[in-house]
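Student: Those protein sequences? They're chains A and B, same order as listed.
The first sequence begins at 1 in my numbering and counts up by one.
The second sequence begins at 1 in my numbering and counts up by one.
Be aware that a few hints might be false.
As the list claims (entries may be wrong) - Now the in silico label distances, taken between C-beta atoms and shown as ranges:
| hint | chain 1 | residue 1 | chain 2 | residue 2 | range |
| --- | --- | --- | --- | --- | --- |
| 1 | A | 126 | B | 84 | 47 to 57 Å |
| 2 | A | 13 | B | 38 | 33 to 43 Å |
| 3 | B | 119 | A | 130 | 55 to 65 Å |
| 4 | B | 160 | A | 247 | 18 to 28 Å |
| 5 | A | 5 | B | 40 | 39 to 49 Å |
Think of the hints as simulated: they come from the structure by calculation, not from any bench.
Glycine included, C-beta positions come from ideal geometry on N, C-alpha and C.
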Amino acid sequence: MNMLVEQVRADLLAFSRRPETLFFTVFLPVIFLVLFEAIFGGQSVTLAGGDVVAQSYLQVPAFMVMGVISASFVALSITVVNRRETGIFKRVRGTPAPAWLLIAGQVVTSLVIALLMVIVMLALGSFAYGVRVDIGHLPWLVASVLVGAIAFSCLGMMLAALTPSTEAAPPLANVVVLPLYFISGVFVPIESLPTWLGNIAALLPVAPFVKVATWAYVPATTTPWRALGLLIAWGMVGLIIASWRFRWTPRRS
Amino acid sequence: MPAAISVTGLVKRYGDHAVVDGLDLEVQQGEVFAFLGKNGAGKTTTTEILEGYRTRDGGDVSVLGEDPATAGAAWRAKLGIVLQESRPLGALTVNETLRLFAAYFPNPHTVADVIRLVGLEEQANQRAGRLSGGQVRRLDVGIALIGRPELVFLDEPTTGFDPEARRQFWDVISGLRDLGTTVFLTTHYMDEAQVLADRVAVLRDGKIAALGTPAELQALRGDVEIRFALPHGVELAALPALSTQPRLTGGEVRVETTAPTADLAVLCSWAEARGLELPALTVERPTLEDVFLAISGETA
Numbered sequence: 001m002n003m004l005v006e007q008v009r010a011d012l013l014a015f016s017r018r019p020e021t022l023f024f025t026v027f028l029p030v031i032f033l034v035l036f037e038a039i040f041g042g043q044s045v046t047l048a049g050g051d052v053v054a055q056s057y058l059q060v061p062a063f064m065v066m067g068v069i070s071a072s073f074v075a076l077s078i079t080v081v082n083r084r085e086t087g088i089f090k091r092v093r094g095t096p097a098p099a100w101l102l103i104a105g106q107v108v109t110s111l112v113i114a115l116l117m118v119i120v121m122l123a124l125g126s127f128a129y130g131v132r133v134d135i136g137h138l139p140w141l142v143a144s145v146l147v148g149a150i151a152f153s154c155l156g157m158m159l160a161a162l163t164p165s166t167e168a169a170p171p172l173a174n175v176v177v178l179p180l181y182f183i184s185g186v187f188v189p190i191e192s193l194p195t196w197l198g199n200i201a202a203l204l205p206v207a208p209f210v211k212v213a214t215w216a217y218v219p220a221t222t223t224p225w226r227a228l229g230l231l232i233a234w235g236m237v238g239l240i241i242a243s244w245r246f247r248w249t250p251r252r253s
Numbered sequence: 001m002p003a004a005i006s007v008t009g010l011v012k013r014y015g016d017h018a019v020v021d022g023l024d025l026e027v028q029q030g031e032v033f034a035f036l037g038k039n040g041a042g043k044t045t046t047t048e049i050l051e052g053y054r055t056r057d058g059g060d061v062s063v064l065g066e067d068p069a070t071a072g073a074a075w076r077a078k079l080g081i082v083l084q085e086s087r088p089l090g091a092l093t094v095n096e097t098l099r100l101f102a103a104y105f106p107n108p109h110t111v112a113d114v115i116r117l118v119g120l121e122e123q124a125n126q127r128a129g130r131l132s133g134g135q136v137r138r139l140d141v142g143i144a145l146i147g148r149p150e151l152v153f154l155d156e157p158t159t160g161f162d163p164e165a166r167r168q169f170w171d172v173i174s175g176l177r178d179l180g181t182t183v184f185l186t187t188h189y190m191d192e193a194q195v196l197a198d199r200v201a202v203l204r205d206g207k208i209a210a211l212g213t214p215a216e217l218q219a220l221r222g223d224v225e226i227r228f229a230l231p232h233g234v235e236l237a238a239l240p241a242l243s244t245q246p247r248l249t250g251g252e253v254r255v256e257t258t259a260p261t262a263d264l265a266v267l268c269s270w271a272e273a274r275g276l277e278l279p280a281l282t283v284e285r286p287t288l289e290d291v292f293l294a295i296s297g298e299t300a
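Between the sequences and the hints, there should be enough to build the whole structure, so can you do that?
Tutor: Structure, rendered in structure tokens:
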């Protein structure tokens with residue numbers, strides 16, 4: 001247990017000292033939310049169930065999801081590839097530390113950052129944009145963010161396992177994630193997409209996460225069991241491929 | 001006392017090529033053992049098999065009484081490993097790095113003790129990414145020492161060092177010997193082996209080509225080399241009979257001999273009788289470096 005505390009402490013310290021990952025993971029989603037609120041904040045939207053809510057009720061959870069994915073998927077895969085290719089993982093595998101510790105260190109670190117993102121977004125949403133969350137719904141919000149963060153951590157491990165080099169890690173992660181933000185209801189409401197594109201996006205992992213997070217955030221919508229199931233299924237796919245292709249040692253050796 | 005490392009008939013193949021080809025080795029406890037060979041001789045492959053990183057294709061290996069291929073966490077707790085290519089995390093300070101690694105081991109040294117041992121007191125709160133090459137390597141050794149290892153592996157620890165940094169590093173290794181730690185050091189610097197090692201093994205084509213103390217290895221080639229430039233108008237065949245056949249390389253005659261006094265006397269009286277001078281005449285003992293180059297198959 002002490003080992004895990006030390007590992008997470010060190011991983012969080014290392015994370016906080018890398019300005020570029022800190023910017024892309026923590027600040028970029030916040031900047032996006034602020035910009036989108038400035039542009040679309042006054043508008044209201046009609047939900048599928050017929051309720052009319054302010055646009056902010058959809059934008060805050062959408063960018064919260066972006067922050068969680070940045071922490072769990074993007075930052076995690078980049079860090080894992082980096083640790084593998086610089087021989088740090090190999091080095092720790094030569095100590096009595098168990099293998100799970102290194103994975104747990106990374107995942108717990110990304111969960112901590114994800115929860116931090118949730119807090120920042122919640123605070124921004126309620127103080128700056130007047131989006132109040134029902135206290136009774138808060139556990140659901142935390143639970144859905146955790147499910148999403150764990151699923152995307154598994155997908156991040158999968159991406160890391162498939163990424164050949166340190167140089168390839170940041171562009172690969174962003175190439176995967178940026179188009180998904182566009183078609184999954186983060187930047188653009190999913191209703192305004194062509195039907196075929198919306199149908200494809202609904203099967204990919206980002207849209208279900210947005211749906212689950214929005215449900216947990218906006219009390220009115222019906223429970224999205226299908227989206228939750230899809231999110232978990234994607235997490236399992238990530239986990240299976242990651243454990244099949246994962247390696248501790250640099251690719252070049 | 002059982003050997004710290006015992007290897008018989010070790011074989012490792014990549015495809016059809018045997019990188020390690022029937023290697024036998026024994027390292028005693030408390031010994032500083034240097035493992036030499038040119039690049040590609042199988043040094044790192046052998047070392048990583050001993051460390052448990054790679055599997056083997058044949059032979060018996062015992063490291064601290066266990067087979068590295070199956071040994072577990074309790075065995076790894078007795079090892080300290082400095083990899084050839086690994087670098088510590090640049091974002092963490094020396095202190096933080098050692099504190100993290102200390103958490104991996106059941107009975108670690110204190111961070112402060114290790115920092116003193118590797119001489120990084122002034123850099124304790126500096127991030128690893130801002131250390132010099134030599135300081136990073138000393139931190140690497142510190143990481144390897146934090147768990148109170150019985151056996152330390154150092155894979156080419158001083159490659160790329162300036163002479164000053166190498167000397168400081170050697171002091172750290174000498175300190176390990178005083179602690180009674182067994183050290184297994186791979187290097188391609190003969191002087192490093194000469195300064196640090198109790199015994200030296202020279203690896204060639206995946207086998208041990210020579211083994212002994214530095215002095216014993218040097219004695220392997222007890223011959224002395226007489227060199228001079230061939231005088232004008234004289235053929236190699238015209239030289240007097242010596243104890244061995246002279247060689248001619250680039251206008252320079254080389255006589256590797258075990259009887260230098262007698263050979264010199266013959267040569268000098270032959271030259272004097274003909275009124276010849278032997279230009280650039282020198283007599284040299286081979287250095288340990290020459291011995292290593294000859295044994296390892298590298299061309300001087």
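Student: Are the hints correct? Go through all of them and say.
Tutor: Evaluated hints:
no. : hint                        : in the structure
1   : A/126 <-> B/84: 47 to 57 Å  : holds (54 Å)
2   : A/13 <-> B/38: 33 to 43 Å   : holds (41 Å)
3   : B/119 <-> A/130: 55 to 65 Å : holds (60 Å)
4   : B/160 <-> A/247: 18 to 28 Å : holds (27 Å)
5   : A/5 <-> B/40: 39 to 49 Å    : holds (44 Å)
Checked against the numbered hints given earlier, the structure satisfies every one of them.
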